[in-house]
Amino acid sequence: MTALVFAEHDNLELKDATLATVTAAAALGDVHILVAGSGCAAVADAAAKVMGVSKVLLVDDAAYAHPLAEELAAVTLSVAGNYDAILVPATTTGKNFMPRVAAALDVMQISEIVEVVDANTFKRPIYAGNAIATVESSDAVKVITVRTTAFDKADAEGGSATIENMAATPPSGISSYVGSELSSSDRPELTSAKIIISGGRGMGSGENFAIIEAVADKLGAAVGASRAAVDAGFVPNDYQVGQTGKIVAPELYIAVGISGAIQHLAGMKDSKVIVAINKDEEAPIFQVADYGLVADLFDAIPALEKAL
Amino acid sequence: MRLILMFWADFRGGNHLGSAPFREVISMKILVPVKRVIDYNIKARVKSDGSGVELANVKMSMNPFDEISVEEALRLKEAGKAEEVIVVSIGPKEASETLRTGLAMGADRGILVLHDGESEPLTVAKILKEVVAAEAPGLVILGKQAIDDDCNQTGQMLAQMLGWGQGTFASKVDLGEGSVDVTREIDGGLETVKLNMPAVVTADLRLNEPRYASLPNIMKAKRKPIDEKTPADYGVDTALHLTTLKVEEPPKREAGIIVDSVEALVAALKDKGVI
Chain A
15 MTALVFAEHD NLELKDATLA TVTAAAALGD VHILVAGSGC AAVADAAAKV MGVSKVLLVD
75 DAAYAHPLAE ELAAVTLSVA GNYDAILVPA TTTGKNFMPR VAAALDVMQI SEIVEVVDAN
135 TFKRPIYAGN AIATVESSDA VKVITVRTTA FDKADAEGGS ATIENMAATP PSGISSYVGS
195 ELSSSDRPEL TSAKIIISGG RGMGSGENFA IIEAVADKLG AAVGASRAAV DAGFVPNDYQ
255 VGQTGKIVAP ELYIAVGISG AIQHLAGMKD SKVIVAINKD EEAPIFQVAD YGLVADLFDA
315 IPALEKAL
Chain B
429 MRLILMFWAD FRGGNHLGSA PFREVISMKI LVPVKRVIDY NIKARVKSDG SGVELANVKM
489 SMNPFDEISV EEALRLKEAG KAEEVIVVSI GPKEASETLR TGLAMGADRG ILVLHDGESE
549 PLTVAKILKE VVAAEAPGLV ILGKQAIDDD CNQTGQMLAQ MLGWGQGTFA SKVDLGEGSV
609 DVTREIDGGL ETVKLNMPAV VTADLRLNEP RYASLPNIMK AKRKPIDEKT PADYGVDTAL
669 HLTTLKVEEP PKREAGIIVD SVEALVAALK DKGVI
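Quick mapping for you: the protein sequence lines, in order, are chains A and B.
Positions 15 to 322 (my numbering) are the ones given, in order, by the first sequence.
Positions 429 to 703 (my numbering) are the ones given, in order, by the second sequence.
I should point out that these hints are in silico values taken from the structure, not numbers from a laboratory.
Honestly, I wouldn't trust all of these hints.
As the list claims (entries may be wrong) - Computed Cβ-Cβ distance ranges for the label pairs, DEER-style: (1) A:R201 with B:I685: 26 to 32 Å; (2) A:A154 with B:D661: 41 to 47 Å; (3) A:D231 with B:E637: 33 to 39 Å; (4) B:K674 with A:S174: 18 to 24 Å; (5) B:I686 with A:D231: 25 to 31 Å; (6) B:K680 with A:E171: 34 to 40 Å; (7) A:N134 with B:A660: 26 to 32 Å; (8) B:E512 with A:N134: 39 to 45 Å.
Claimed, not checked - Below are the PhoX-like pairs computed for lysine-lysine, each with C-alpha atoms no more than 20 Å apart in a straight line: (9) A:K286 with B:K650; (10) A:K137 with B:K680; (11) B:K475 with A:K137; (12) B:K674 with B:K505; (13) A:K167 with A:K320; (14) B:K487 with A:K283; (15) B:K505 with B:K600; (16) B:K674 with B:K509; (17) A:K137 with A:K283; (18) A:K283 with A:K167; (19) B:K471 with B:K652; (20) A:K283 with B:K680; (21) B:K650 with B:K509; (22) A:K167 with A:K69; (23) A:K208 with B:K700; (24) B:K505 with B:K700; (25) B:K657 with B:K475; (26) A:K232 with B:K652; (27) A:K137 with A:K63; (28) A:K208 with A:K283; (29) B:K487 with B:K521; (30) A:K320 with A:K283; (31) B:K521 with B:K650; (32) B:K657 with B:K557; (33) A:K320 with A:K232; (34) B:K521 with B:K652; (35) B:K471 with A:K283; (36) B:K700 with B:K471; (37) B:K698 with A:K208; (38) A:K286 with B:K698; (39) B:K680 with B:K475; (40) B:K700 with A:K232.
Predicted, not measured: the structure shown is a model, and the values here were computed from it.
The C-beta atom is built at its ideal place from N, Cα and C for all residues, glycine as well.
Go ahead and model the full structure; you've got the sequences and the hints to work with.
Okay, structure coming up:
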């Protein structure tokens with residue numbers, strides 16, 4: 015069996031999400047990586063070094079400068095016939111285009127797998143992670159998105175895959191990129207950070223996030239937020255950790271002034287160590303926390319910053 | 429966009445088209461698929477025999493992302509950019525209640541495609557493709573995912589089957605002439621794409637705040653038409669491609685400890701080696 019992993023990247027770097035997806039793919043067979051982008055040769059070089067990858071397909075064309083679903087689906091379909099499984103990290107890019115690939119192949123996509131049981135059987139969360147379903151696919155080709163926090167990352171070094179150039183597919187002509195507003199920050203990205211400190215409605219305002227940011231800077235941590243804090247307008251939406259935001263699983267997750275709604279827990283409960291700081295000792299967040307501190311966050315967080 | 433151009437020209441008289449009187453009628457329909465799911469306020473309970481999630485005597489509602497889709501369609505209609513909003517649901521007889529919710533919000537009519545048991549996004553997309561062929565909408569607006577199976581596939585699959593462009597995870601929909609600009613919530617922030625019409629849009633949380641149906645509108649909705657169909661009417665095979673073998677509770681975290689000071693917390697984290 016041969017599995018194709020569609021690489022997540024920004025044309026400069028191969029993202030860690032790809033490495034976790036390689037681990038899931040390796041459970042199914044020989045692994046190839048498809049790198050589609052523009053000016054992305056460095057990404058292909060990085061992909062070729064990933065342990066366990068035997069071939070990298072590179073399509074470097076201006077058409078893929080921005081990840082339009084219509085174009086990414088077409089280029090993936092142009093090689094789909096050679097593979098028994100096609101996998102992509104369940105990022106907003108993967109979730110956007112991969113169902114188009116499944117539809118064109120007339121197969122059911124298996125979304126956000128957390129475990130490969132065997133070549134046809136997978137585990138995936140349903141109901142915002144309140145239940146885990148074991149599903150069996152009867153399709154000849156498995157089209158899969160991978161919840162990357164559930165898999166270890168493949169080693170980024172040690173492999174020596176061949177790189178093969180492939181042709182771009184004709185443009186669809188039905189969609190085009192207009193622009194984007196991306197948050198820029200010197201802090202690590204939420205989905206790859208080793209430590210995350212998140213604030214909730216208890217923060218009271220956007221300005222008050224400064225005390226969390228001060229702790230984050232000392233720890234080299236990413237800053238996140240609950241949906242309540244985002245909906246209250248304290249921080250932008252891309253801070254959001256939760257079922258409808260980002261799914262994270264860092265070494266250490268510090269929840270500050272977050273009550274622990276189901277939807278937030280769904281996004282962070284696979285973190286290795288969870289700390290909850292909240293003045294309400296009844297807050298549900300304490301039920302998933304390894305360490306709980308019942309305290310006023312406006313006293314505790316500055317004290318934490320000093321103690322680090 | 430369904431564009432009906434009517435020309436009244438005297439072709440017998442030769443080349444008078446440029447001066448002939450004509451009228452332009454723009455009539456765009458918006459199709460909004462809606463799904464009946466366990467109410468979002470209710471925590472799903474896994475059945476003890478592992479066969480699924482308990483659905484008996486559980487409050488069911490319209491999938492929250494679908495409510496946002498209905499709202500967006502209604503706003504486009506109220507802005508004079510669409511003429512008719514059609515809600516469609518694929519599900520059991522009771523899914524007519526979900527359609528009535530959409531009708532009470534303001535949709536004009538409903539289509540119920542009766543199907544008992546599980547319906548996969550692939551099957552749903554195939555049925556929707558046929559509904560689109562029959563209704564010729566200019567836009568299909570769906571929720572980005574259903575909160576039961578969390579698949580996040582139907583809109584994208586439908587777009588592929590129709591050969592249409594897609595704007596998923598939309599936080600803003602800006603309808604232009606023959607095209608639509610969709611601002612999308614992506615991992616690093618926001619992205620805007622331009623799609624030729626007709627197109628598929630899937631709604632994210634921040635697209636809008638759905639209205640509540642007023643009592644008079646709930647009463648009025650009872651008289652709005654719902655057309656009943658079956659997958660067979662559309663020639664769609666509903667056989668499952670993905671079989672659920674087992675549903676279980678997620679692994680539980682072990683109970684933690686309450687520390688009594690910031691110092692104790694820092695000491696514990698250092699001890700664990702995480703800071």
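Among all the numbered hints in the text so far, which are the ones the structure does not match?
Numbers 2, 4, 9, 12, 13, 14, 16, 19, 21, 24, 25, 26, 27, 30 and 36 - these are the hints that the structure violates, sorted from lowest upward.
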